[in-house]
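Asker: Chain residues, written in single-letter form:
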Amino acid sequence: MSFRIIVLAKQVPDTRNVGKDAMKEDGTVNRAALPAIFNPEDLNALEMALNIKDNIKDATISIITMGPSRAAEIVREAMYRGADNGVVVSDRKVAGSDTLATSYTISQAIKRMGEFDLVIAGRQAIDGDTAQVGPQTAEKLECPQITYAEEVIQVDENKIRIKRRLERGVEIVETSYPCLITVHGSAKECRSRHAKRLMKYKLAKSNSELQELGQDYSNIWNERPYLKIEEWSAADIIAEDSRLGLTGSPTKVKKIENVVLTQKESKVITPKDEDMNDLMKELISSHILG
Amino acid sequence: MNNVFVYCEVTEERTIADVSLELVSKGKKLANELGVKLEAIVCGDEIKDIEKILYPYGVDVINYAKDSRLFPYQTLPHFSIVTKLFQENKPEIALFGATSVGRDLAPRIASFLRTGLTADCTTLEIGDHTENKTGKEYKNLLYQIRPAFGGNIIATIINPDHRPQMATVREGVMKKEVFNNSHKGIINFLKVEDYVKNDDFCIKIIERHIEQQKINIKGAQIIVCGGYGMGSKENFKLIHQLAEVIQGEVGATRAAVDAGMCEHERQIGQTGVTVRPKLYIACGVSGAVQHRAGMQESSKIISINTDPKAPINAIADYTIIGDVMEVLPKMIKYYKANTK
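In order, the protein sequences belong to chains A and B. For the first sequence, this note's numbering assigns the number 1 to the initial residue and increments by one for each residue that follows. For the second sequence, this note's numbering assigns the number 1001 to the initial residue and increments by one for each residue that follows.
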């Protein structure tokens, strides 16, 4: 029996390096102006999976990512670092998903993969910071969840012991499988690409990528099936349309406003005794002080 | 319309967490606006004076699941209790702290109930909505307002068709306000065995190391923050003096911490703590964007700086152009003079 680990990863716009042209005039996000990166905490999650694989013989790591077809880049990147295979869940129907619709889609993809021992994901993605998809996916899979994992203390085929990072301390917990783990950014950084794996997997492609390149891979995939990055549509994961994308998302965006750092109406005060006395009086009488 | 529910977190000291009291205060206002009751949910072991703590904030019903197995927090037993209670009561609104507990629990509940959840709201309001396509009108929805996309946009989220409307809020965002000291509610003890299954305890807690919170700038209502402009550790003492007099906490910028003027625990900003006090006094702080990210939501900001062009002044309500070494002693003097 092999030990199956599924890692959830997301390709995100790099919100940490937001430039001038990141926002369009209408206040919406200009995603094209932001580089797409591997969500940082998902890399921590991948490292945790690789670490477990180092300790359990016959463990396999599969990546699931949801997004446009270019998200195959994430699967390839994970392969360079040690993942065995991966799937891109891509369908127009999933566009506009909130966390509930996302977790439904992902849990359907996990179910399509079959039985698993561990699902490991980053705590949150930097483009939303909600940290909701992990626990919501665990609920849909009806399995326990361990959030904010920082370190695997002990692991074997039957159970895992994890150190969790809490606001005011740490907690060590133990459970058997299956289980879903979300990984905190304070966990070990992901190992870098492996030169041999880079050579082996750089030709890994998804169907849409091949179509775009106008290449035919049928022979290559026959000889080297590991070079196939699977793409699953909503139909492939047997998803109910009513639970996908905008339709399946209970939360709706009513309004979006751009944050403009406007000069506040600032009261300018001199350090003169009179001014300082007036300021303190005002603060006290308006109950800001005292 | 049904009631507003707040999940109340239990602290290590076996009392109700501040973030929960803040949410209860906000929840009371929302409940009053909707003309409904405010209910609290507490899952834990023995909590002293739970009624005395919660009633003054306007709680009408305390749903108390009391069982020694419910502390410390674990996802599944708390999840089972809250979801069953929600299925029985069908709340209109349900609020959770955006803490390591609330952010673990609320999404799982929302997923089970197939309802919407908005994380880290900074404002909660009641408002109406007309659906553009269908023209359908909704009355008294919860507007869940939060910054998104690295703080570059502010989004108003609604959940028109599913209940409860769920949101999480970080500590310090809402104001803790007593509703009425003589307000009384009722307590409803839940029969825990009807709510949890044995399987819910499948995760074993082996060890816990919870550090005592020595410095609490996150929850402080008043913060006096010193920047690199304070000049030296010696001068920085003035920050402590002012903070002590006006009963505030001391904060520092990264530059001041790196220069050894102040301990790291007090660092405010993107790589430190995010604070939203009602008063923030920035002393010798230039106001780099990373620092502003951790304090720009303070209700009132006073900037003291010799440079009239310092970026911090752009977000300050009061700008004092002058030397901190002259201004701070005067603030202390005139605060004392006006509070006697």
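Source of the hints: derived by calculation from the structure; they are not laboratory data. It is possible that some hints are incorrect.
To be verified - Label pairs and their in silico Cβ distance ranges:
| hint | chain 1 | residue 1 | chain 2 | residue 2 | range |
| --- | --- | --- | --- | --- | --- |
| 1 | B | T1130 | A | N219 | 35 to 45 Å |
| 2 | B | D1049 | A | S286 | 11 to 21 Å |
| 3 | B | N1032 | A | K272 | 39 to 49 Å |
| 4 | A | Y226 | B | S1299 | 50 to 60 Å |
What the hints assert, rightly or not - No more than 25 Å apart at the CA atoms, straight line, and that leaves these computed lysine to any residue pairs for SDA-like:
| hint | chain 1 | residue 1 | chain 2 | residue 2 |
| --- | --- | --- | --- | --- |
| 5 | B | K1309 | A | K163 |
| 6 | A | K159 | B | K1309 |
| 7 | B | K1139 | A | I256 |
| 8 | A | K267 | B | D1161 |
| 9 | A | K254 | B | I1154 |
| 10 | B | K1029 | A | V253 |
| 11 | B | K1218 | B | I1154 |
| 12 | A | K188 | B | R1208 |
| 13 | B | K1136 | A | K159 |
| 14 | B | K1278 | A | M113 |
| 15 | A | K254 | B | K1300 |
| 16 | B | K1340 | A | V253 |
| 17 | B | K1136 | A | G290 |
| 18 | B | K1330 | A | S233 |
| 19 | A | K93 | B | T1115 |
| 20 | B | K1218 | A | P271 |
| 21 | A | K267 | B | P1311 |
| 22 | A | K163 | B | C1202 |
| 23 | A | K163 | B | Q1212 |
| 24 | A | K252 | B | T1115 |
| 25 | B | K1309 | A | S266 |
| 26 | A | K267 | B | T1339 |
| 27 | A | K267 | B | Q1221 |
| 28 | B | K1176 | A | G96 |
| 29 | B | K1218 | A | G169 |
| 30 | B | K1197 | A | R161 |
| 31 | B | K1237 | A | V253 |
| 32 | A | K163 | B | T1075 |
| 33 | A | K188 | B | I1321 |
| 34 | B | K1197 | A | D84 |
| 35 | A | K272 | B | K1237 |
| 36 | B | K1233 | A | P271 |
| 37 | B | K1136 | A | G96 |
| 38 | B | K1300 | A | V155 |
| 39 | A | K255 | B | E1092 |
| 40 | A | K267 | B | K1139 |
C-beta atoms are modelled at their ideal positions from N, C-alpha and C, and glycine is treated no differently.
Asker: Against this structure, judge whether each hint is valid.
Answerer: Cross-check of the supplied hints:
The hint said 35 to 45 Å for the Cβ distance between B/T1130 and A/N219, and at roughly 57 Å that hint is violated. For the pair B/D1049 and A/S286, the supplied restraint of 11 to 21 Å is violated, since their beta-carbon distance comes to about 33 Å. The hinted range of 39 to 49 Å is satisfied by B/N1032 and A/K272, whose Cβ atoms lie roughly 45 Å apart. Separated by about 57 Å at the C-beta atoms, A/Y226 and B/S1299 satisfy the suggested range of 50 to 60 Å.
At roughly 47 Å between alpha-carbon atoms, B/K1309 and A/K163 are farther apart than 25 Å, so this suggested pair is violated. Among the hinted pairs, A/K159 with B/K1309 is inconsistent with the structure: their alpha-carbon atoms are about 59 Å apart, more than 25 Å. For a cut-off of 25 Å, the pair hint linking B/K1139 to A/I256 stands: about 20 Å separates their Cα positions. Restraint check for A/K267 and B/D1161: not satisfied, since their Cα atoms lie roughly 45 Å apart, outside the 25 Å limit.
A threshold of 25 Å between alpha carbons decides the hint, and for A/K254 with B/I1154 the separation of about 11 Å falls inside it, so the pair holds. Taking the CA atoms of B/K1029 and A/V253, the gap is near 24 Å; set against the 25 Å cutoff, the hint holds. At roughly 22 Å between alpha-carbon atoms, B/K1218 and B/I1154 fall within 25 Å of each other, so this suggested pair holds. Between A/K188 and B/R1208, the direct Cα distance comes to roughly 21 Å. Compliance with the 25 Å bound is thereby established for this hinted pair.
Only pairs whose Cα atoms come within 25 Å are accepted, and B/K1136 paired with A/K159 is rejected, the gap being roughly 52 Å. Distance hint between B/K1278 and A/M113 is unfulfilled; the C-alpha atoms sit about 51 Å from each other, more than 25 Å. Restraint check: the Cα-Cα separation between A/K254 and B/K1300 comes to about 28 Å, which exceeds 25 Å; the hinted pair is violated. Distance check on the hinted pair: B/K1340 and A/V253 sit about 51 Å apart at the alpha-carbon level, beyond 25 Å; violated.
Proposed proximity of B/K1136 and A/G290 is contradicted: the alpha carbons are some 48 Å apart, above 25 Å. For the hint pairing B/K1330 with A/S233, the CA-to-CA distance comes to about 68 Å; that exceeds 25 Å, so the pair is violated. Between the alpha carbons of A/K93 and B/T1115 the distance comes to roughly 19 Å, so the proposed pair stays at or under 25 Å and holds. Taking the CA atoms of B/K1218 and A/P271, the gap is about 29 Å. The hint is violated against a cut of 25 Å.
Distance hint between A/K267 and B/P1311 is fulfilled; the C-alpha atoms sit about 15 Å from each other, no more than 25 Å. Annotation: proposed proximity of A/K163 to B/C1202 holds, straight-line Cα distance about 16 Å (limit 25 Å). As the CA atoms of A/K163 and B/Q1212 are separated by approximately 19 Å, the hinted pair is consistent with the 25 Å bound. Straight-line distance between C-alpha atoms of A/K252 and B/T1115 comes to about 12 Å, which keeps the hinted pair within the 25 Å bound.
Pair hint B/K1309 plus A/S266 holds up; C-alpha atoms about 13 Å apart against a cutoff of 25 Å. The hinted pair formed by A/K267 and B/T1339 meets the criterion: a straight-line CA distance of about 23 Å does not exceed 25 Å. The suggested pairing of A/K267 with B/Q1221 holds, with an alpha-carbon distance near 22 Å, which does not exceed 25 Å. Restraint check: the Cα-Cα separation between B/K1176 and A/G96 comes to about 36 Å, which exceeds 25 Å; the hinted pair is violated.
Of the pairs offered as hints, the one joining B/K1218 and A/G169 holds, with about 16 Å between alpha carbons and a cut-off of 25 Å not exceeded. In summary, the hint linking B/K1197 to A/R161 is supported, as the alpha carbons are separated by about 23 Å, within the 25 Å threshold. In summary, the hint linking B/K1237 to A/V253 is not supported, as the alpha carbons are separated by about 47 Å, beyond the 25 Å threshold. For the proposed pair A/K163 and B/T1075, the alpha carbon gap of about 16 Å is at most 25 Å, so the pair holds.
Using a Cα cut-off of 25 Å, the hinted pair A/K188 and B/I1321 is violated, with the two alpha carbons roughly 46 Å apart. Distance hint between B/K1197 and A/D84 is unfulfilled; the C-alpha atoms sit about 37 Å from each other, more than 25 Å. Proximity of A/K272 to B/K1237 is assessed by CA-CA distance (about 22 Å); at most 25 Å being required, the pair is judged to hold. A hinted pair counts as satisfied when its Cα atoms are at most 25 Å apart, and B/K1233 with A/P271 qualifies at roughly 23 Å.
Between B/K1136 and A/G96 the alpha-carbon distance is near 21 Å, which keeps this suggested pair within the 25 Å criterion. Restraint check for B/K1300 and A/V155: the C-alpha separation of about 51 Å exceeds 25 Å, so the hint is violated. Between A/K255 and B/E1092, the direct Cα distance comes to roughly 22 Å. Compliance with the 25 Å bound is thereby established for this hinted pair. The suggested pairing of A/K267 with B/K1139 is violated, with an alpha-carbon distance near 39 Å, which exceeds 25 Å.
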